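Peer 1: The lines below spell out each chain.
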Amino acid sequence: MRKIHETIIEKLLLFSAVVAVLVVALITYFIFADGLPVMQKYGIAHFITGSDWHPLDKQFGLLPMIAGSFLVTLGALVIGVPLSVGCAIFLAEIAPKQVTRIIRPAIELLAGIPSVVYGFYGLVILVPLIRELFGGRGFSILGGSVVLAIMILPTVVNISEDAIRAVPREYKEGSLALGATHWQTIKKVIVPSARSGILTAIVLGMGRAIGETMAVIMVVGNVATLPESILDPIRTLTGNIAIEMGYAAGEHSQALFATGIVLFAIIMILNFMVTLVPKRVGE
Amino acid sequence: MERVRSAVYLEEKIARGFLWASVLVTLGAMLAIVFHILEQGLVHVNWTFLTDEPRFMGKEGGIFPTIVSTVYLILLSLAIATPIGIMAAIQLTEYTQKGPLVKTIRFATETLAGIPSIIFGLFGFAFLVLFMGFSWSLLSGGLTLAFMVLPTIVRTSEEAIKSVPLSYREGSMALGATKWQTVWKIVLPSALPGIVTGVILSIGRVVGETAAVILTAGSSLNIPTSVMDPARSMSVHLYILAMEGISMEKAYATAAVLIILIFIINTIANRIMRKMSSNLAA
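Going down the list, the sequences are from chains W and U.
The numbering of the first sequence is the numbering used here, which starts it at 20 and goes up by one.
The numbering of the second sequence is the numbering used here, which starts it at 20 and goes up by one.
Hints are computed from structural coordinates only; laboratory data are not their basis.
Please read all numbers here as calculations on a predicted model, not as lab measurements.
For each residue, glycine too, the CB sits at the ideal point set by N, CA and C.
Incorrect hints may have been included.
Result set (DSS-like, lysine-lysine): computed pairs, CA atoms no more than 27 Å apart in a straight line [stated by the list, open to error]: (1) U:294 with U:181; (2) W:207 with U:122; (3) W:30 with U:198; (4) U:181 with U:204; (5) W:191 with U:32; (6) U:204 with W:30; (7) W:30 with U:122; (8) W:207 with W:191; (9) U:198 with U:122; (10) W:22 with U:117; (11) W:60 with W:77; (12) W:22 with U:204; (13) U:198 with W:116; (14) W:30 with U:181.
Okay, the calculated bits of chain U under chain W, using three or more residues with CB under 8 Å as the criterion [to be verified]: (15) 26-38; (16) 143-151.
Only chain W is shown next, with the shape it has when bound in the complex:
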């Protein structure tokens, strides 16, 4: 009797564990089943290298959106990575206990604030500020980058900090014993040893930035053309889907699923890159 009971539970546990696999398979299937036919019909090159997005005239060039996603992400990394790694080093190496006690909840709060609230803040504060300082409409790559930089901060800080804390004490002690200053030790010993973890953090942050939707829509202007400066408006891959999904039909709708495929492919490549990062120095 007890035996049967346990067997049923074990089957149930196994099934639950397999749910994640099923969901990933379903997601892949449904995105590709809806997006691939239109991609094959017009050619993948048409989607990836075409720079005209006029879905009603069968022009499905996604290049402006691909460029938009990458530029806004690059901007976010340029602003966010030095800040985040700085914070991580500070928390792991320098911060007095009382300071940590203030910073950690702050970073947790940053991680928890809904993306739409960031977007809203960007819309009411950042966009007018950029408009006043630099001219233009304010809806721009710059605005999107700043918002995303703040949004990826918690991810990059937390993972980098773990990596820095995981550096063996002896490394640090050895360096200090040789007469190196604290900063020399951080620069020459600790950060290089934590390199792979910091790199992982950056790639994960990049994934978050590319995948972010609502916050970006609210500040980048969503114009589907190739930008010429960081003050130009752009549209991202995610924004393309979110904005037009509501009213798209037929091939237009399929082209949005094709946009999803491109996004999916980029994220999978990034995930793959994370697995390539060596876990420890010298491995």
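Here the structure of chain W is known, so what remains is to put chain U in place on it, guided by the hints.
Peer 2: Chain U only, in chain W's frame:
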């Protein structure tokens, strides 16, 4: 020699300055956002705002239906994701820890955690809304959100279960308990605070999600009466208020409510986590 040394000290000073600056900028950004939203929003938040129906697309009145919809979405998604997530974590920690299947499961969980919310939205739209015929509804939204938070729950539960000392299990088994009795009566109760923390953090994610919800649950302002009714969460409401320029005043107020909610959720999660670590230390 003297010059080299002073250069080293100068660099040390500059570096320290940079590290302090990066922390101050981070704190400053957080405070700027939170204070601005609360300052502009809280003056419009009162009991009527929370309990009144919106009028004129939300230009006037309150946000009551969006609060109800948000609560329904939380309950529905967690009712689905919590048991599945915990059971998956038990499977991965207590039953099989190695082998190709486990590798596949881990890879899938990690992939799921990295998929952008808009892809979940597209998938929910194609699979649940259209293919399964659930249309824009609480059910479609709740299921999509359940898939989204599943990796979080699996991961936090796994961590919590792993932190239960091996001696607890050995003691239970030595007394003649079966594997499942040990898991159910000994391991799970000890891991509960960690699991609850994961669930609470998932609530935060559900509350904050917009893109996936708008594509699967729709944006109807009516109070849903069944799981097949469309609904609008607070985040979606804020998005629509701000993007369509319906009312900045109400948008600020909604954003303030969202921030306070997240603040409460984080505080509860921290309390539980702190209690857990002190329990383990004891």
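Peer 1: Taking the hints in turn, state whether each one holds.
Peer 2: Results for each hint:
1. U:294 with U:181: It holds: about 17 Å lies between the C-alpha atoms, which stays within 27 Å.
2. W:207 with U:122: violated, 36 Å
3. W:30 with U:198: holds, 14 Å
4. U:181 with U:204: holds, 16 Å
5. W:191 with U:32: Holds, because 19 Å separates the two Cα atoms, which is no more than 27 Å.
6. U:204 with W:30: holds, 19 Å
7. W:30 with U:122: Distance ~18 Å between residue 30 of chain W and residue 122 of chain U Cα, so the pair holds.
8. W:207 with W:191: Holds - the C-alpha atoms of residue 191 of chain W and residue 207 of chain W are around 10 Å apart, at most 27 Å.
9. U:198 with U:122: holds, 23 Å
10. W:22 with U:117: holds, 24 Å
11. W:60 with W:77: holds, 11 Å
12. W:22 with U:204: holds, 17 Å
13. U:198 with W:116: Violated - the C-alpha atoms of residue 116 of chain W and residue 198 of chain U are around 42 Å apart, more than 27 Å.
14. W:30 with U:181: holds, 21 Å
15. 26-38: holds (count 8)
16. 143-151: holds (count 4)
Violated hints, in rising order: 2 and 13; the structure is consistent with all others.
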